[in-house]
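**Q** Here are the chains, one letter per residue:
2 protein chains.
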Amino acid sequence: MKLHGYFRSSASYRVRIALNLKGLSADHLPHHLRKGEQRDPAYLAINPQGLVPTLQDGGGATLTQSLAIIEWLDETHPEPPLLPGDPLQRAKIRAFAQVIACDTHPVQNLKVLARLRELGHGDATVTEWAAWANREGLAACEALIAHESGPFCFGVSPTLADLCLVPQLANARRFGVDLAAYPRLLRAEAAAKNLAAFADAAPERQPDAE
Amino acid sequence: MKLHGYFRSSASYRVRIALNLKGLSADHLPHHLRKGEQRDPAYLAINPQGLVPTLQDGGGATLTQSLAIIEWLDETHPEPPLLPGDPLQRAKIRAFAQVIACDTHPVQNLKVLARLRELGHGDATVTEWAAWANREGLAACEALIAHESGPFCFGVSPTLADLCLVPQLANARRFGVDLAAYPRLLRAEAAAKNLAAFADAAPERQPDAE
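Those protein sequences? They're chains A and B, same order as listed. According to my numbering, the residues represented by the first sequence are 2 to 211, in order. According to my numbering, the residues represented by the second sequence are 2 to 211, in order.
Next comes chain A alone, as it looks inside the complex (with noise of 0.2 Å):
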C-alpha cells in the first residue's frame, strides 16, 4: 500500500494510526502541503480534492477522506477492532470522530487558514480563529466521554475516536490551546500516547518531519 500524506496534517496522522495498530506497512508518499505540492496534476489525478491522505492499495483501488480509509481498513483488517459491534457504541464512537473530522479540523485546516490572510487577517486573527475551532471541537468531545470510564475514548482499547483525538490535540496545542480544561481527553491521549502505534505515527517521528 501506498499512504499519501504530510507529516504534520492530522488527517493523515489519523491514518498511520490505523495502519500502525492493524500491523500493517505502507511506503509513506509526502506532499508537502504549505509548497502546495498537493495541487500537482499528477496528486490531483488520484485524488481530485486535492487534499491528503491518499490510500493505494497494492490492487489498485484509490481511498480518499481519512475516516473513509479507516473505515475500510476496519473492514477489510478487522483485528484489532476500532470499532465494536453493538450500533449504538458505534454510532457515539462515529459521533465522537466526527466532531473532530467534520466540525472542528476542516474549520482550522490549511486551506480555510490561507483563505483568513487573504481576506486580510494576520497572525493573530488567524490563529486565533484556530484555537477557536479547536476549543470548541474539545469542548464538546470532552462531555461526550466525561462518564466514560476508559482509559481510552471509550473502553479499555483504542478505537476511531482515539484515532481522530491524539492528532487534533497535536493541533491545539500547536495554535496555543490551553488543554487544562479538557482532562478526560488528556486522559485517553496519555493511554494512546504509551502505545507504539500512535508513538509511532507523530509527526515528528515521520521521513518528512521539518
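Source of the hints: derived by calculation from the structure; they are not laboratory data. Accuracy of the hints is not assured; some may be wrong.
Pairs count within a copy or across copies, as identical chains cannot be separated in the list.
[Claimed, not checked] 35 Å max Cα-Cα, derived DSBU-like pairs, lysine-lysine:
#1 K112 <-> K36
#2 K194 <-> K112
#3 K194 <-> K36
#4 K194 <-> K23
#5 K23 <-> K3
#6 K36 <-> K23
#7 K112 <-> K23
Fit chain B to the known structure of chain A by using the hints.
**A** Below, chain B alone, put in the same frame as chain A:
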C-alpha cells in the same frame, strides 16, 4: 423517535431523508438556529455541541452527528440499504459523503459565517466565503462520480452519498453558486428528487419552514 432539527439545516435534512427512505417516523422538534435556540441549556444537556440534528430513539438512546445517525439507522434498519456490502464501494460512498459533511458544510455553516461577521466582514464577503466552500466541495464531488453510470451518485438506488448531496445543493443555491459546472451532480439530484423520501424531506416542506 424524536428528531431535533431545523428546517434549513442541511445536516438535519440528510437525516430526514434517511428516516423517510427507511419508512420510519419521528416527532420533529425544531430548534430555531438563527434565534440561538440550539444553545438552550435543556438542549445542550442532550447535545453538548449545540448543533442539530439529534435523534432520540424510544429506548432512551441519544445520537448526534448526522453521518453517525444515518449509519446507525442503516445498521439497525437495514432495508433499503444506504451503503452496499462491498468494502471498497462503501469507502467510495463514505468518502463522497465526507467531502460534503467534513470539508464543505462545516466551513459554510451558520457558526463559521457568524464568526466572519464578528471579524467585521459584510454580506458580500460572507456569502462569497460560503459560495467558495460550496464550489470547492462540489467540484471534488463531481470528479468523484464523473465516471459512475448513475443515475444516483453510485448506482441505481440512493445511498449515503445522495443523502448528503441533495441538501448541499440546496445550500449552494442559497449562496448563489452557479451549478452548471456540475452536470453529474445535477443528474443525481434529479433522480433523487423524483422520490417522495427526498421530496418530503425538503426544507420548505417542514412545519418550521419560514
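**Q** The structure should be examined with respect to each hint, and the outcome stated for every one.
**A** Structure-based check of each hint:
no.: 1; hint: K112 <-> K36; in the structure: both (12 Å within a copy, 30 Å between copies)
no.: 2; hint: K194 <-> K112; in the structure: both (29 Å within a copy, 33 Å between copies)
no.: 3; hint: K194 <-> K36; in the structure: within (30 Å within a copy, 42 Å between copies)
no.: 4; hint: K194 <-> K23; in the structure: within (16 Å within a copy, 41 Å between copies)
no.: 5; hint: K23 <-> K3; in the structure: within (15 Å within a copy, 38 Å between copies)
no.: 6; hint: K36 <-> K23; in the structure: within (31 Å within a copy, 46 Å between copies)
no.: 7; hint: K112 <-> K23; in the structure: within (31 Å within a copy, 37 Å between copies)
Every hint from the earlier list agrees with this structure, and none is contradicted.
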